[in-house]
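We have chain A already, so just place chain B on it with the hints.
Protein chains: 2
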Amino acid sequence: MSLTISIDAMGGDFGPKVTVPASLECLKNNPDLTLILVGDSTILNQHLAQHQSTTHERLVIQHASQQVEMHESPAKALRNKKDSSMRVAINLVHEGRADACVSAGNTGALMAIARFVLKMIPGIDRPAIISTLPSIYGHTHVLDLGANVDCSEEHLYQFAVMGNELVKAVENIENPKIGLLNIGEEDVKGNEQVKAAAKLLENSALNYIGYVEGNSLNAGNIKVDLIVCDGFVGNVALKSIEGAAKMISTLLKESFSKSIFTKLAGLIAYPVLKSFKDRIDPRLYNGASFLGLRGLVIKSHGGADALAFKTAIQLAELEVKQDVIRKIGEQVEKSLNLRKSA
Amino acid sequence: MSLTISIDAMGGDFGPKVTVPASLECLKNNPDLTLILVGDSTILNQHLAQHQSTTHERLVIQHASQQVEMHESPAKALRNKKDSSMRVAINLVHEGRADACVSAGNTGALMAIARFVLKMIPGIDRPAIISTLPSIYGHTHVLDLGANVDCSEEHLYQFAVMGNELVKAVENIENPKIGLLNIGEEDVKGNEQVKAAAKLLENSALNYIGYVEGNSLNAGNIKVDLIVCDGFVGNVALKSIEGAAKMISTLLKESFSKSIFTKLAGLIAYPVLKSFKDRIDPRLYNGASFLGLRGLVIKSHGGADALAFKTAIQLAELEVKQDVIRKIGEQVEKSLNLRKSA
Numbered sequence: 075m076s077l078t079i080s081i082d083a084m085g086g087d088f089g090p091k092v093t094v095p096a097s098l099e100c101l102k103n104n105p106d107l108t109l110i111l112v113g114d115s116t117i118l119n120q121h122l123a124q125h126q127s128t129t130h131e132r133l134v135i136q137h138a139s140q141q142v143e144m145h146e147s148p149a150k151a152l153r154n155k156k157d158s159s160m161r162v163a164i165n166l167v168h169e170g171r172a173d174a175c176v177s178a179g180n181t182g183a184l185m186a187i188a189r190f191v192l193k194m195i196p197g198i199d200r201p202a203i204i205s206t207l208p209s210i211y212g213h214t215h216v217l218d219l220g221a222n223v224d225c226s227e228e229h230l231y232q233f234a235v236m237g238n239e240l241v242k243a244v245e246n247i248e249n250p251k252i253g254l255l256n257i258g259e260e261d262v263k264g265n266e267q268v269k270a271a272a273k274l275l276e277n278s279a280l281n282y283i284g285y286v287e288g289n290s291l292n293a294g295n296i297k298v299d300l301i302v303c304d305g306f307v308g309n310v311a312l313k314s315i316e317g318a319a320k321m322i323s324t325l326l327k328e329s330f331s332k333s334i335f336t337k338l339a340g341l342i343a344y345p346v347l348k349s350f351k352d353r354i355d356p357r358l359y360n361g362a363s364f365l366g367l368r369g370l371v372i373k374s375h376g377g378a379d380a381l382a383f384k385t386a387i388q389l390a391e392l393e394v395k396q397d398v399i400r401k402i403g404e405q406v407e408k409s410l411n412l413r414k415s416a
Numbered sequence: 075m076s077l078t079i080s081i082d083a084m085g086g087d088f089g090p091k092v093t094v095p096a097s098l099e100c101l102k103n104n105p106d107l108t109l110i111l112v113g114d115s116t117i118l119n120q121h122l123a124q125h126q127s128t129t130h131e132r133l134v135i136q137h138a139s140q141q142v143e144m145h146e147s148p149a150k151a152l153r154n155k156k157d158s159s160m161r162v163a164i165n166l167v168h169e170g171r172a173d174a175c176v177s178a179g180n181t182g183a184l185m186a187i188a189r190f191v192l193k194m195i196p197g198i199d200r201p202a203i204i205s206t207l208p209s210i211y212g213h214t215h216v217l218d219l220g221a222n223v224d225c226s227e228e229h230l231y232q233f234a235v236m237g238n239e240l241v242k243a244v245e246n247i248e249n250p251k252i253g254l255l256n257i258g259e260e261d262v263k264g265n266e267q268v269k270a271a272a273k274l275l276e277n278s279a280l281n282y283i284g285y286v287e288g289n290s291l292n293a294g295n296i297k298v299d300l301i302v303c304d305g306f307v308g309n310v311a312l313k314s315i316e317g318a319a320k321m322i323s324t325l326l327k328e329s330f331s332k333s334i335f336t337k338l339a340g341l342i343a344y345p346v347l348k349s350f351k352d353r354i355d356p357r358l359y360n361g362a363s364f365l366g367l368r369g370l371v372i373k374s375h376g377g378a379d380a381l382a383f384k385t386a387i388q389l390a391e392l393e394v395k396q397d398v399i400r401k402i403g404e405q406v407e408k409s410l411n412l413r414k415s416a
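Chains A and B, in that order, are what the protein sequence lines are.
First residue of the first sequence: 75, per our numbering; consecutive thereafter.
First residue of the second sequence: 75, per our numbering; consecutive thereafter.
No lab work stands behind these hints, which were simulated from the structure alone.
It is possible that some hints are incorrect.
Copies of the same chain look alike in the list, so a pair counts if it fits in one copy or across any two.
[Unchecked claim] In silico DSS-like cross-links for lysine-lysine, where the CA-CA straight-line distance does not exceed 27 Å:
1) K102 to K91
2) K263 to K150
3) K251 to K401
4) K337 to K401
5) K395 to K102
6) K263 to K320
7) K337 to K269
8) K273 to K150
9) K320 to K332
10) K297 to K320
Model, not experiment: these values are computed from the prediction.
One chain only, chain A, in its complex shape (with noise of 0.2 Å):
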């Protein structure tokens, strides 16, 4: 199936020096896909060309004048930003030219304009970001992670209903097993929203499975596909993550450093090293989803590189052709009248 994917090429830390390539890999990978580079065309065809591809049947670039800077105000952007690059690409989806768009951007302005221009499916009340982590079982899928500070339980009920469907969808699994971010795995433990929260998910049709706690993210004592928790912790236990393994890989390095015999032992470690860090290397989880609205936007992380801004472009490959938004959207409306009926 052919498929179309909008890139906010001037997004993220590095823009086109990232974007270019990244697309570029992706097109050589798929040839069912069509890439339009949104934002200064003068630029994109100067990377273009530094990689001898100013012509490309499948690509197509976009102008766009303006450009959403990392750091400003969502609602500036917003008010501001009609002809930026992250404004045009998500414009795109929504007429339909394009199946998705991905942004290394500004968070708080992708989700601000992504929300306002395509709006939410009837009957969510937030939109959440969803993303995989690493795990001893493979990875495990958690949202939300950082678009909600404040959840009540119906909204963590639509998070569920949500990334159910995803999983569903990306996974190729029936019944995900989905779990709710708690403080303890008894009943009495954690706070009134996801007390009351655990009390919709038990009377639903979805495969709940019970609390988990934080280590279930990486290494609980069994495989959870979907983990649901509020924005707030969401973002805190993932950035806690990225801390944990920065501080283990600093130490690891410091440790193979400290003498001549030890960088030996690294050297002959090396190969086992690697290997090891490939495993878990952040650049092959990247890319998060914004699920609740009519249509899918990636948010790639600000700081990826080519090889993780390939990884967001590519989860946007996967997420249109099982075309998740569509039965999110067909799912919500189900749960809604089955709510409505009961």
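What follows is chain B alone, placed relative to chain A:
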């Protein structure tokens, strides 16, 4: 200076099997230390006999006929277990016969009993749990780690005041750098409680450096001495870090076990990997202090082995020597008067 610590010798997953050898080790290391082992005297004497230590001039056995189970409800433990090793060990602190108490038992029960027996420091609404995490800068103190699931800005402020005194005392530094855990460093980020707590901290005499993100627990861009958060978020972050460390060590072991060549590389790299592992050994970070009570209670991890439990006892020794509880009490009174007169 001589000091006495009461040990809930029956608490934790392993009871006297762990608490007895850890206690004997601490007595050996500190000639000023007296320990009161609280629990079933017959069982404790059996364990002491195994270590050829039936008599020790600085070891006292205090019989207690009951035991709080690891999954017993705190309310039931409080009501029905008046002669439990946990309760008696805390009573000894209340009666002034011990300067601190260490327990690896059920956290909820320990908190409920400690609060009931010892009472709160006037001016503090809720006790908080503080512990230490390894970081690329040495280590970071964090509170609250799970005692409070919903915190107002005032609670977060009180945690900062108490944590500041503890860090000053045990690290011997003048003005600990204090960060508030949030999902971004910009002023607009975060939930209402965190934003309001930031205002209180900015207007205080504390060395408040602003918002920090989850990665600052182990590896932020700058060293932070104390990170303040509500107990739900703190507990999830702590367990997420535990999970990340477990995943990394599991995958590292897997990588070195793949073939005869990787095993050989592992053998050569073993001393380096061992020294690295020792640096972040969680057993060397065992022990969390309950702050806000009129007496010192240290909670050890339930699954602690003898080395880990020894670390928790040593933490109690340090906090007694540094007179942490008195200093917190004085500071709380001072801060309250300051705020009343402001």
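We went through each hint and held it up to the structure:
When the C-alpha separation of K102 and K91 is checked against a cutoff of 27 Å, the pair qualifies only within one copy, where the shortest distance is 18 Å, while the shortest distance between copies is 62 Å. In the homo-oligomer, the alpha carbons of K263 and K150 lie at most 27 Å apart only across protomers (16 Å), although the nearest pairing inside one protomer, at 41 Å, exceeds that limit. Proximity of K251 and K401 under a CA criterion of 27 Å is satisfied intra-copy only: 18 Å inside one chain copy versus 49 Å between copies. Taking the shortest Cα distances, K337 and K401 never come within 27 Å of each other, neither inside one copy (53 Å) nor across copies (47 Å).
Proximity of K395 and K102 under a CA criterion of 27 Å is satisfied intra-copy only: 17 Å inside one chain copy versus 67 Å between copies. In this assembly of identical chains, K263 and K320 lie within 27 Å of each other by CA distance solely across copies; the values are 24 Å between and 31 Å within a copy. Within a single copy, K337 and K269 get their C-alpha atoms no closer than 51 Å, and across copies no closer than 47 Å, so neither meets the 27 Å cut-off. Only between protomers do K273 and K150 lie at most 27 Å apart by alpha-carbon distance; the minimum there is 25 Å, versus 40 Å within a single protomer.
Taking the shortest Cα distances, K320 and K332 sit within 27 Å of each other both inside one copy (19 Å) and across copies (25 Å). Taking the shortest alpha-carbon separations for K297 and K320, both the intra-copy value of 24 Å and the inter-copy value of 14 Å come in at or below 27 Å.
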